[in-house]
Amino acid sequence: MAKTNPGRFFEDYAVGQLIEHAVPRTVGAGERALYHALYPARHALYSSDAFAQASGLPGSPLDDLAAFHVVFGKTVPDVSLNAVANLGYAEGRWLKPVYAGDTLQSASEVIGLKQNSNGKTGVVYVRTRGSNQRGEVVMEYVRWVMVRKRDIDAPAPDTVVPELAKVIDPADLVIPEGLNFANYDFAAAGEDHRWGDYEIGETIDHVDGVTLEEAEHMMATRLWQNTAKVHFDATFRPDGQRLIYGGHIISLARALSFNGLANAQMIVGLNGGAHANPAFSGLTVKAWSEVLDKAETDVPGVGAIRLRLVATKGGEPFALRGDDGKYLPDVLLDLDYWALMPL
Amino acid sequence: MAKTNPGRFFEDYAVGQLIEHAVPRTVGAGERALYHALYPARHALYSSDAFAQASGLPGSPLDDLAAFHVVFGKTVPDVSLNAVANLGYAEGRWLKPVYAGDTLQSASEVIGLKQNSNGKTGVVYVRTRGSNQRGEVVMEYVRWVMVRKRDIDAPAPDTVVPELAKVIDPADLVIPEGLNFANYDFAAAGEDHRWGDYEIGETIDHVDGVTLEEAEHMMATRLWQNTAKVHFDATFRPDGQRLIYGGHIISLARALSFNGLANAQMIVGLNGGAHANPAFSGLTVKAWSEVLDKAETDVPGVGAIRLRLVATKGGEPFALRGDDGKYLPDVLLDLDYWALMPL
Amino acid sequence: MAKTNPGRFFEDYAVGQLIEHAVPRTVGAGERALYHALYPARHALYSSDAFAQASGLPGSPLDDLAAFHVVFGKTVPDVSLNAVANLGYAEGRWLKPVYAGDTLQSASEVIGLKQNSNGKTGVVYVRTRGSNQRGEVVMEYVRWVMVRKRDIDAPAPDTVVPELAKVIDPADLVIPEGLNFANYDFAAAGEDHRWGDYEIGETIDHVDGVTLEEAEHMMATRLWQNTAKVHFDATFRPDGQRLIYGGHIISLARALSFNGLANAQMIVGLNGGAHANPAFSGLTVKAWSEVLDKAETDVPGVGAIRLRLVATKGGEPFALRGDDGKYLPDVLLDLDYWALMPL
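Protein chains in written order, with numbering that gives the first Met the number 0: chain X, 0 to 342; chain A, 0 to 342; chain G, 0 to 342.
For the record, the hints were derived by calculation from the structure and aren't laboratory data. Treat the numbers as computed from the prediction; the structure is a model and nothing was measured. Heads up, a few of these hints could be off.
Which copy? The list can't say, so a pair holds if one copy fits it or any two copies do.
The calculated DSSO-like cross-link candidates involving lysine-lysine, where the alpha carbons are at most 30 Å apart (straight line), are [said to hold, decoys possible]: (1) Lys312 with Lys228; (2) Lys113 with Lys312; (3) Lys148 with Lys95; (4) Lys2 with Lys293; (5) Lys2 with Lys325; (6) Lys312 with Lys2; (7) Lys293 with Lys148; (8) Lys2 with Lys165.
Chain X on its own, in the form it takes in the complex (with noise of 0.2 Å):
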């Protein structure tokens, strides 16, 4: 029997079925620097100890977005080894920050299954949760990945599709333990624009671009542990390119995203996400973000953003999808999320 872990294949899943994801991973003082050498990353949140401290935190936590990737990799040899598309996400909520020291470790439940009509693959739908070594969840979200099936005549499992929000409830977002804006320091952050100042529809060019990098690419991945081949192996593909992973993409718009939203700071919730075509090396990518919605919390002085942040390779800003209602083909990325912001 080889010894190597050959992934699971559709046949392989059941509903309510709880996987336990290999390898736990503690992160610290070189994730967070190789977290600003990997990406533009100018939230002072992420940046100063001191201004998080202002803020109410003990100091400054890991990237929201790095948590995710920690979490997301975990899962890669149990859940999209043999994927053949990471087809969306929802219902993701960071819960606890994450600082230097913790320990995470991920775990999924199958919460959906349905086999394709092809009969050769299906979709797979679990809720990843991250805990930390208190056993604390600092995050979750629900992913669907299509899968191919091991033997295509293994009977189909009964078509269960979970009922997932669009986007979730404001008043379901977890604002961080402490946290305030009371003492926000505008001209430390960068921007004078709080959360009054935006207006839904509101539509916002962030200007930068950064031309991608094998070398970058495959360091960033790496580092959150994702073994899947075809961004390592330039064998893999017939192209002879390697896929970048879709996390890279989704944490270089969120930087890029800094000049306009610089007081975006924490990214609170994932309500959905599409990697509208693959990225490779040379590509430029900018970004672009559209204000979805906005809501107060309970907390004084912190405000909920809903915002659309979308990655592309070229192209004008703004323009999102074709006449046929698809993605255009210089976009890369469309995701929507909810960030907190001073009032």
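With the hints as your guide, set chains A and G onto chain X.
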């Protein structure tokens, strides 16, 4: 109104103006390791806590140039986003070592303005100070840049050109508190040559070379939160090349200078510097130094040495300028600094 | 007199000579994170403080191979700057784990010399010891290299060829103090296979591949302060290629071997190794292993497993040598080591 930062134009500056730069930055073990991964840095005081402690410091500080890059990086969005050229440095002094856990921020005072005769651009002089979370100034320097006007018809300001020292008086150099070289271990430091072994006018070919990579200069420049588009976006320049941050070449040349100047441990003064020619990925950088001056300090056992550090992309060592007085095309950097060395 | 280090030539060595290598190095959270960014390392003991503590250690140590690279890197300026070839390793043992904050230094004793019949080169055998800031030896190994003579007419030294163990006696392996696998969590470690599940002669194809990048091997090699020009300077070799540090391939292959050997947690012995063919950027590295031997240890629950680890740049797994007895052209590395595994 656009929410992104358009940068300041020439007419936005006034002599006496104080600009507090955004996004304080906590540095730590990650930045330290990345500095050693990105540059062949080997000076023992920055490599070993034990060596630093034997030299009277609490531990190994962040490399002096890394501290400079962090302080400098913060100024870019306010000072050089619309700069045409970085013209010079003067009166740079390191005043306090930076240790893991320190949070740095920067502020710049406009100390000079001079519109160019073409009416389209002008020179802005700023004195920048970097300070830590205790409000202590850790370094300061003067920089002048050529900046575009937004409106060519805007009136020219009164010309103020600051008088800047060509060379920092060695009496004004600040020796870090507690520093002493009484127990200096030359074997551990890597070379036997002490202050007395260097002669004014002596030149040293540092022999080693490093070929520049896109991923490396971008990671370094990002780590310092330098936001100049030209370093990251291959679509920004008509030739499709990413211009390498001049500070990357400074750090690379300084690290290469270990071979022959292993005991020039700490940089304490920046007398001047010119980025003679642009640097791009694929070039191989070598370095040479010339001893310009020597001075004693008021700390027993600690000498100051004034060095010219030249980085090249080819050609013979020690060739700097052509018959026309201009830098030779292979010269990338001409830096003039003071370092501390055991007597 | 040139102030730069010309390196030692064959006639500069004498049997019994002790060389204390320069530039002690403090390692920490940054080196740890970079190791995980540069290699797909997933062994749980090095990824998670919690897992390491459950195994009786104070926390997650620096990867064993990272410790080796730091100790090795220090020897390069004194041992292999003028080396023509790195010929072999023997009698390598890890004696103490290295933790964040430790400062490493290296010293080598010349234990053998043999001039080659061509009179132009000779073989130098050194036993290198790396020690921490408390003077404890953390690892030791023997290496032999072919070194050029400065002066072909220099007399040949008496030939001394040390007797080196082909394989370290398992009784001589040092189990880290406190290590125990009584509470070993196989699910967290990533695989079920324990010591008893591996058979001598068994071979494992590790399946995954990683394409080599210039920025990655240079960052790794620099981090270990290895100064060999050939790794960094594209103008050094006539073919314009940068030769990749053999240790980069060792770490990469070991990380790839997680898939099938996730429970071979700690490396404690290096029996031998050959860099069979040079590696360059752009190649895709895969790895396979063969179980060479197994042994019990005097720590209950901890078994030793002797593994051959082979890295390739193509070809079929398990092919090592041609009919002529020579390594096949696709073989990059043939390493023979002892690891610890739960019984």
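Results of checking the hints against the structure:
1. Taking the shortest Cα distances, Lys312 and Lys228 sit within 30 Å of each other both inside one copy (23 Å) and across copies (16 Å).
2. Neither within a single protomer nor between protomers do Lys113 and Lys312 lie at most 30 Å apart by alpha-carbon distance, with minima of 33 Å and 40 Å respectively.
3. Taking CA atoms no more than 30 Å apart as the test, Lys148 paired with Lys95 passes in neither setting, with 36 Å inside one copy and 47 Å between copies.
4. Only between protomers do Lys2 and Lys293 lie at most 30 Å apart by alpha-carbon distance; the minimum there is 17 Å, versus 51 Å within a single protomer.
5. In the homo-oligomer, the alpha carbons of Lys2 and Lys325 lie at most 30 Å apart only across protomers (29 Å), although the nearest pairing inside one protomer, at 42 Å, exceeds that limit.
6. Only between protomers do Lys312 and Lys2 lie at most 30 Å apart by alpha-carbon distance; the minimum there is 22 Å, versus 41 Å within a single protomer.
7. Within a single copy, Lys293 and Lys148 get their C-alpha atoms no closer than 42 Å, and across copies no closer than 38 Å, so neither meets the 30 Å cut-off.
8. When the C-alpha separation of Lys2 and Lys165 is checked against a cutoff of 30 Å, the pair qualifies only between copies, where the shortest distance is 28 Å, while the shortest distance within a copy is 41 Å.
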